[in-house]
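Heads up, the sequence shown is in the working numbering, so the first residue is 1 and it goes up one at a time.
If you are wondering where the hints come from, they were derived from the structure by calculation, not from laboratory data.
Accuracy of the hints is not assured; some may be wrong.
Unchecked claim - What follows is a set of in silico ranges between Cβ atoms, one per label pair, in the way DEER data are often shown: (1) 4 - 167: 16 to 26 Å; (2) 193 - 163: 16 to 26 Å; (3) 105 - 24: 20 to 30 Å; (4) 186 - 22: 36 to 46 Å; (5) 110 - 168: 18 to 28 Å; (6) 75 - 27: 16 to 26 Å; (7) 8 - 208: 37 to 47 Å; (8) 37 - 213: 21 to 31 Å; (9) 20 - 181: 19 to 29 Å; (10) 20 - 161: 35 to 45 Å; (11) 168 - 190: 41 to 51 Å; (12) 191 - 7: 36 to 46 Å.
Stated by the list, open to error - No more than 20 Å apart at the CA atoms, straight line, and that leaves these computed lysine to aspartate or glutamate pairs for EDC-like: (13) 177 - 30; (14) 102 - 83; (15) 14 - 83; (16) 14 - 33; (17) 76 - 91; (18) 141 - 97; (19) 177 - 83.
The structure displayed is predicted, hence computed values, not measured ones.
Every residue, glycine too, gets a C-beta built ideally from N, C-alpha and C.
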Amino acid sequence: MPTVYSPTIYHASKTFAAGVLSQILIGDVEGMENVPPKGGVILAVNHASHFDPPLIGCLLRRHINFFARKTLWFNKAASWWLDSVGTIPVDRDGDSDIKAMKATLFTLKNGGLLTLFPEGTRSPDGTLQFAKPGIGLIAAKSQATVIPCRIFNSNKVLSKGKVLPNFNLSVHMRYGKPISPRSYDPGREAGRERYQIVADRIMAEIAKLTRPRTQAI
1 MPTVYSPTIY HASKTFAAGV LSQILIGDVE GMENVPPKGG VILAVNHASH FDPPLIGCLL
61 RRHINFFARK TLWFNKAASW WLDSVGTIPV DRDGDSDIKA MKATLFTLKN GGLLTLFPEG
121 TRSPDGTLQF AKPGIGLIAA KSQATVIPCR IFNSNKVLSK GKVLPNFNLS VHMRYGKPIS
181 PRSYDPGREA GRERYQIVAD RIMAEIAKLT RPRTQAI
């Protein structure tokens with residue numbers, strides 16, 4: 001977590017987001033009690049919209065760390081806010097980002113809650129995509145508890161390639177049961193496929209999650 005992290009700025013931002021999004025977007029939410037109140041946890045979520053991070057984070061009591069591409073630190077104001085809320089910068093153009101990986105493992109080893117999108121990028125139409133091995137690497141190395149979470153309808157709010165959001169709908173979320181390392185990690189015996197296996201198992205748990213309400217809004 002950045003040394004300039006400010007609980008005051010984080011909670012003020014979260015309170016503002018919760019107030020706004022609860023009125024205009026958030027529909028039914030189930031399973032938040034599955035998120036442990038403490039300890040290193042990975043919140044693994046499907047990804048279809050720029051709205052996903054605030055939708056996930058604004059209702060949970062715990063502080064959540066997110067990844068964001070380094071290019072978002074484009075001026076002093078943006079850099080100040082991103083650092084203040086504990087965002088971890090990552091170089092998406094490079095083959096690896098050792099600094100981001102160290103920050104990630106440090107966060108989890110010190111009892112933090114980290115949100116990761118296994119698909120690596122936004123789905124163009126809301127359908128679940130194949131998981132990238134990155135989340136498998138982080139989960140296997142940290143041995144953190146994983147909470148699968150699935151968001152429904154967020155792609156219709158601001159889908160990939162769109163500029164203007166659509167607020168004439170509701171977004172629903174379900175948080176699944178905790179997944180222990182024993183359940184997702186095959187161990188070193190799996191060899192080079194280990195991290196992909198972990199990622200696929202986590203993604204499979206996300207896919208099992210059903211929408212809180214069957215009626216479409």
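Hints and how they fare:
1. A beta carbon spacing of about 33 Å between residue 4 and residue 167 contradicts the range 16 to 26 Å that was offered as a hint.
2. For residue 193 and residue 163, the hinted distance range of 16 to 26 Å is not satisfied, since their beta carbons lie about 40 Å from each other.
3. Against the hinted window of 20 to 30 Å, the Cβ-Cβ separation of residue 105 and residue 24 comes to about 36 Å, which falls outside the hint.
4. For residue 186 paired with residue 22, a C-beta distance near 40 Å keeps the hint of 36 to 46 Å intact.
5. Taking the beta carbon of each, residue 110 and residue 168 are about 42 Å apart, not inside 18 to 28 Å as hinted.
6. A hinted range of 16 to 26 Å for the beta carbons of residue 75 and residue 27 is inconsistent with their spacing of about 35 Å.
7. Distance hint check for residue 8 and residue 208: the Cβ-Cβ separation is about 38 Å, which falls inside the suggested range of 37 to 47 Å.
8. Between residue 37 and residue 213 the beta carbons are some 26 Å apart, a value that agrees with the proposed interval 21 to 31 Å.
9. Range check, residue 20 to residue 181: Cβ separation about 37 Å, and the 19 to 29 Å hint is violated.
10. Between residue 20 and residue 161 the CB atoms are about 24 Å apart, so this pair departs from the stated range of 35 to 45 Å.
11. Checking the proposed 41 to 51 Å range against residue 168 and residue 190 shows it holds: the Cβ atoms sit about 46 Å from each other.
12. The given range of 36 to 46 Å is respected by residue 191 and residue 7, whose C-beta atoms sit roughly 42 Å from each other.
13. Using a Cα cut-off of 20 Å, the hinted pair residue 177 and residue 30 holds, with the two alpha carbons roughly 11 Å apart.
14. Restraint check for residue 102 and residue 83: the C-alpha separation of about 16 Å stays at or below 20 Å, so the hint holds.
15. Taking the CA atoms of residue 14 and residue 83, the gap is about 15 Å. The hint holds against a cut of 20 Å.
16. This hinted pair checks out: residue 14 and residue 33 have alpha carbons roughly 18 Å apart, not beyond 20 Å.
17. Between residue 76 and residue 91 the alpha-carbon distance is near 18 Å, which keeps this suggested pair within the 20 Å criterion.
18. At most 20 Å may separate the alpha-carbon atoms for a hinted pair to count; residue 141 and residue 97 meet this at roughly 15 Å.
19. For the hint pairing residue 177 with residue 83, the CA-to-CA distance comes to about 30 Å; that exceeds 20 Å, so the pair is violated.
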